[in-house]
Amino acid sequence: KKMTNDNLNKLLVFCVLFCAQKTSIVHGAQALETKVALLLHAEPENPKCFAEGMSDLTCFWEEDEERAGSADQYSFIYTYQNENSSECSITALPAAGGKRLYFCRLSQTQLFVPLDIRVFRDDLLIHNRSLFIEAVFLLDPPANLTLTSTGMQGQLKASWLPPSLKYMGDSMMYEVSYAMAGSHIGKVEEVQASSELILRGLQSGTKYKVRIRVKLDGISYSGYWSAWTDPVLMETMPGDLDPLIVSLSLIISLVLTLLSLLVLMSHRRFLLKKIWPIIPTPESKFQGLFKVYGGDFQEWLGHSTGGLWLRPTYFYSEEFPVPLEVLSEVSLGPALPSSALPPKASEALGEEEDEDKKLKRVDPALMEGWRKTPQEHWTMDQLRAIHQHPAPWTQSSLLESHDAYVTLNAQNHSVEEPLDDILEETLPLQVLFASGRTSSESRSDLGSVQQSSGSGRLSSQSSFEYPNHTWPSKGPGYTYMAVADSGVSMDYSPMSSNKIDDIGKGVIYTNEYKNEIPAHRRPIGTPIHFAF
Amino acid sequence: LFSGTGPVVVLLTVLQWAGRGLPSPVRPICDPRVLDRFIMEARDTETALRGCKAGCGVTGTFVVPLTNVDFVVWETKDTEEQALEVQSGMSLFGQALGAVRESVSRVAVQILIDNNKSNIHSLGQVLRSLHIQDLPLPPAPAVGDLVTRKVSSLSELLHVHTNFLRGKVRLLLTNAPACQQNST
Numbered sequence: 001k002k003m004t005n006d007n008l009n010k011l012l013v014f015c016v017l018f019c020a021q022k023t024s025i026v027h028g029a030q031a032l033e034t035k036v037a038l039l040l041h042a043e044p045e046n047p048k049c050f051a052e053g054m055s056d057l058t059c060f061w062e063e064d065e066e067r068a069g070s071a072d073q074y075s076f077i078y079t080y081q082n083e084n085s086s087e088c089s090i091t092a093l094p095a096a097g098g099k100r101l102y103f104c105r106l107s108q109t110q111l112f113v114p115l116d117i118r119v120f121r122d123d124l125l126i127h128n129r130s131l132f133i134e135a136v137f138l139l140d141p142p143a144n145l146t147l148t149s150t151g152m153q154g155q156l157k158a159s160w161l162p163p164s165l166k167y168m169g170d171s172m173m174y175e176v177s178y179a180m181a182g183s184h185i186g187k188v189e190e191v192q193a194s195s196e197l198i199l200r201g202l203q204s205g206t207k208y209k210v211r212i213r214v215k216l217d218g219i220s221y222s223g224y225w226s227a228w229t230d231p232v233l234m235e236t237m238p239g240d241l242d243p244l245i246v247s248l249s250l251i252i253s254l255v256l257t258l259l260s261l262l263v264l265m266s267h268r269r270f271l272l273k274k275i276w277p278i279i280p281t282p283e284s285k286f287q288g289l290f291k292v293y294g295g296d297f298q299e300w301l302g303h304s305t306g307g308l309w310l311r312p313t314y315f316y317s318e319e320f321p322v323p324l325e326v327l328s329e330v331s332l333g334p335a336l337p338s339s340a341l342p343p344k345a346s347e348a349l350g351e352e353e354d355e356d357k358k359l360k361r362v363d364p365a366l367m368e369g370w371r372k373t374p375q376e377h378w379t380m381d382q383l384r385a386i387h388q389h390p391a392p393w394t395q396s397s398l399l400e401s402h403d404a405y406v407t408l409n410a411q412n413h414s415v416e417e418p419l420d421d422i423l424e425e426t427l428p429l430q431v432l433f434a435s436g437r438t439s440s441e442s443r444s445d446l447g448s449v450q451q452s453s454g455s456g457r458l459s460s461q462s463s464f465e466y467p468n469h470t471w472p473s474k475g476p477g478y479t480y481m482a483v484a485d486s487g488v489s490m491d492y493s494p495m496s497s498n499k500i501d502d503i504g505k506g507v508i509y510t511n512e513y514k515n516e517i518p519a520h521r522r523p524i525g526t527p528i529h530f531a532f
Numbered sequence: 001l002f003s004g005t006g007p008v009v010v011l012l013t014v015l016q017w018a019g020r021g022l023p024s025p026v027r028p029i030c031d032p033r034v035l036d037r038f039i040m041e042a043r044d045t046e047t048a049l050r051g052c053k054a055g056c057g058v059t060g061t062f063v064v065p066l067t068n069v070d071f072v073v074w075e076t077k078d079t080e081e082q083a084l085e086v087q088s089g090m091s092l093f094g095q096a097l098g099a100v101r102e103s104v105s106r107v108a109v110q111i112l113i114d115n116n117k118s119n120i121h122s123l124g125q126v127l128r129s130l131h132i133q134d135l136p137l138p139p140a141p142a143v144g145d146l147v148t149r150k151v152s153s154l155s156e157l158l159h160v161h162t163n164f165l166r167g168k169v170r171l172l173l174t175n176a177p178a179c180q181q182n183s184t
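Protein sequence lines correspond, in order, to chains A and B. Mapping to the UniProt record's numbering: the first sequence position 505 is 505, numbers consecutive. Mapping to the UniProt record's numbering: the second sequence position 70 is 70, numbers consecutive.
Same shape as in the complex, but just chain A:
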């Protein structure tokens, strides 16, 4: 029983050791495979040799499978300077791609002294090489590569364990390769005789892939670059907004906002017009057209109150009621000889009497009409007149130009008053209409207004009643006001008859007749132009 127990124990120990060794052998084999591949690429001479530690040397060469012989066909002879030759035992291993590798491994070496190697195959020298063993180091990659954060933006600290070779710690050179995860373009940094490196200038909040390899620096010892370690991934610290940049950008944006607001406010009207233009509506020019008649122009024309005087005012868009100003009043001489009036005039007077009442009613409208009608009639005429007769106003020229005239006629039938008394405000107005257009007879309506206090009477005469343009001489008492509508302004200029020679006798004073414009008729916001 004891024997079997002992045997079992031995077997167990053996198995454990074997398993442990197996893993290490597997690892070792993998490492060897990598190194062989590296050297096949890096070393042109044969046999390729490398030292892994302080006292070893591994040499190998490659041959094609077809031409390869068995291991015992080859002999590996090495000779140190000033020493006798020695032989190394060869082992053969199969390799990928139909090749065979022959290895020789020395476990005791001398450095800093030349070594001669000769390889024979069946007494035929196939390879010959002289080397220094301290110049062919091929180390294992550094172990335990770790990445840590330094606590600062865009930085990572890489640390590793240097290969554990005595006497060579300060001769080691490392190459750290780092790139953003997923990218093939990376940077490389070299560091000597150190076991850590701080990578700077990295992007914040990005994952980086870092790897490292080692080589001896070449002063005392030299060799080949080791294989790269497996890459290690690490994310850098997330980006932090620089407070200075944040504050500066806030200030700048604030300033820009204020500036733009100022500009907007100063040009708000202009901008409003551009963005939200006011759709012009003709409603203001056509009183009641849309509201009362629903856009029916014909109806509106026919039913417009005071017809003449509520015409569209498009002729004088900016023109608004003008106050009538009596500029002068001429003292009257003896009673006006009614016989001086032409027959038609007396007719007109007669007509007037009948229409007195009617006209009284129309009083305010008439006032309106005086304002408006002249312009509607006169625009074309007046323009024609101005064009034809640019001469200063004279009686005759006025007559020819078909202007409308407003005359102040002092007619006091009822009361015999001294001259002086007549010079009151109760002077009637005589309105003469120049009807250039004969489209409607209603235009030639004669209107007269009876003043409140006096029995004065307004006589209106149309100039076409006097085809010869002979101005009826109404006596010295008439002051003629010439109204000229230039389309922009109405010009009222006093005109006295020829017979007013005794103008110096009388007192000329002016009365101001102001036509009050009802507020609602006035469009809001538009200025009122008074032309004289």
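Treat the hints as calculated values from the structure; they're not laboratory data. Be a bit skeptical, because a hint or two may be false.
Stated by the list, open to error - Below are the DMTMM-like pairs computed for lysine to aspartate or glutamate, each with C-alpha atoms no more than 25 Å apart in a straight line:
| no. | chain 1 | residue 1 | chain 2 | residue 2 |
| --- | --- | --- | --- | --- |
| 1 | A | Lys215 | B | Asp31 |
| 2 | B | Lys77 | A | Asp140 |
| 3 | A | Lys209 | A | Glu175 |
| 4 | A | Lys215 | A | Glu283 |
| 5 | A | Lys207 | A | Glu190 |
| 6 | A | Lys166 | B | Asp114 |
| 7 | B | Lys77 | A | Asp56 |
| 8 | A | Lys166 | B | Asp31 |
Unchecked claim - Far from chain B, by Cβ distances over 10 Å, these chain A residues were calculated:
| no. | residue |
| --- | --- |
| 9 | Val113 |
| 10 | Asp170 |
| 11 | Lys207 |
| 12 | Ser220 |
| 13 | Ser284 |
| 14 | Gly288 |
Owing to the predicted nature of the structure, the values given are computational and were not obtained by experimental measurement. C-beta atoms are modelled at their ideal positions from N, C-alpha and C, and glycine is treated no differently.
Assemble the complex: chain A is given as a structure, and chain B must be docked to it using the hints.
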């Protein structure tokens, strides 16, 4: 005449004694870059004079130390033994380079040789800083037969010199006890 040179001679002698008797520097020189510089300069000299025709006019044989290092064997030796090897080897090189200096005629070669000689002297200072005692003034003992060999050309001499510095001298310096205390 005699009276004039007398004081000068006395002065020089005193200075020589003083120079020799100078205590070793207090601070040990442990920076490996010091030796690395010497090694590189030796290597540059070797490279420069490799193409020298007819050995740069240098003839004769020179005794040089062995440069091979077996780490296993080296580690069995203690510091004094290692130091002895190094110092004897350095003195051999000094002697050989001195002999070369006298036989070369080209100024460029002379400058290079002088540089290497001064480096050897500086190395001695470095060793002293590490509390490594100087060899006794007489030349190396006869034991040198096992540790020396002969070379017959300048290029080989320089090559051996470089290898010696890279190997034994460096190993001694990097593992000197004085430096081990500082580096920990």
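Results for each hint:
Restraint check: the Cα-Cα separation between lysine 215 (chain A) and aspartate 31 (chain B) comes to about 20 Å, which is no more than 25 Å; the hinted pair holds. Proposed proximity of lysine 77 (chain B) and aspartate 140 (chain A) is contradicted: the alpha carbons are some 29 Å apart, above 25 Å. With a C-alpha separation of about 14 Å, the suggested pair lysine 209 (chain A) and glutamate 175 (chain A) falls inside the 25 Å cut-off, and the hint holds. For the proposed pair lysine 215 (chain A) and glutamate 283 (chain A), the alpha carbon gap of about 96 Å is over 25 Å, so the pair is violated.
A C-alpha spacing of about 21 Å is found between lysine 207 (chain A) and glutamate 190 (chain A), which places the hinted pair at or below 25 Å, so the restraint holds. As the CA atoms of lysine 166 (chain A) and aspartate 114 (chain B) are separated by approximately 34 Å, the hinted pair breaks the 25 Å bound. Note on lysine 77 (chain B) and aspartate 56 (chain A): the hinted pairing holds, with a Cα-Cα distance of about 20 Å set against a maximum of 25 Å. Of the pairs offered as hints, the one joining lysine 166 (chain A) and aspartate 31 (chain B) holds, with about 17 Å between alpha carbons and a cut-off of 25 Å not exceeded.
In this structure valine 113 (chain A) is not separated from chain B by more than 10 Å, as the shortest Cβ-Cβ distance comes to only about 4 Å. A beta-carbon of chain B comes within 10 Å of the beta-carbon of aspartate 170 (chain A); the shortest separation is about 5 Å. A cut-off of 10 Å between C-beta atoms confirms that lysine 207 (chain A) is not in contact with chain B; the least separation is 37 Å. At roughly 5 Å from the closest C-beta of chain B, the C-beta of serine 220 (chain A) falls inside 10 Å, breaking its exclusion from the interface.
Every C-beta of chain B lies more than 10 Å from that of serine 284 (chain A), the closest at about 100 Å, which supports listing it as non-interface. The Cβ of glycine 288 (chain A) sits about 109 Å from the closest Cβ of chain B, beyond the 10 Å cut-off, so the non-interface label holds.
Hint check: violations occur at hints 2, 4, 6, 9, 10, 12; the rest are consistent with the structure.
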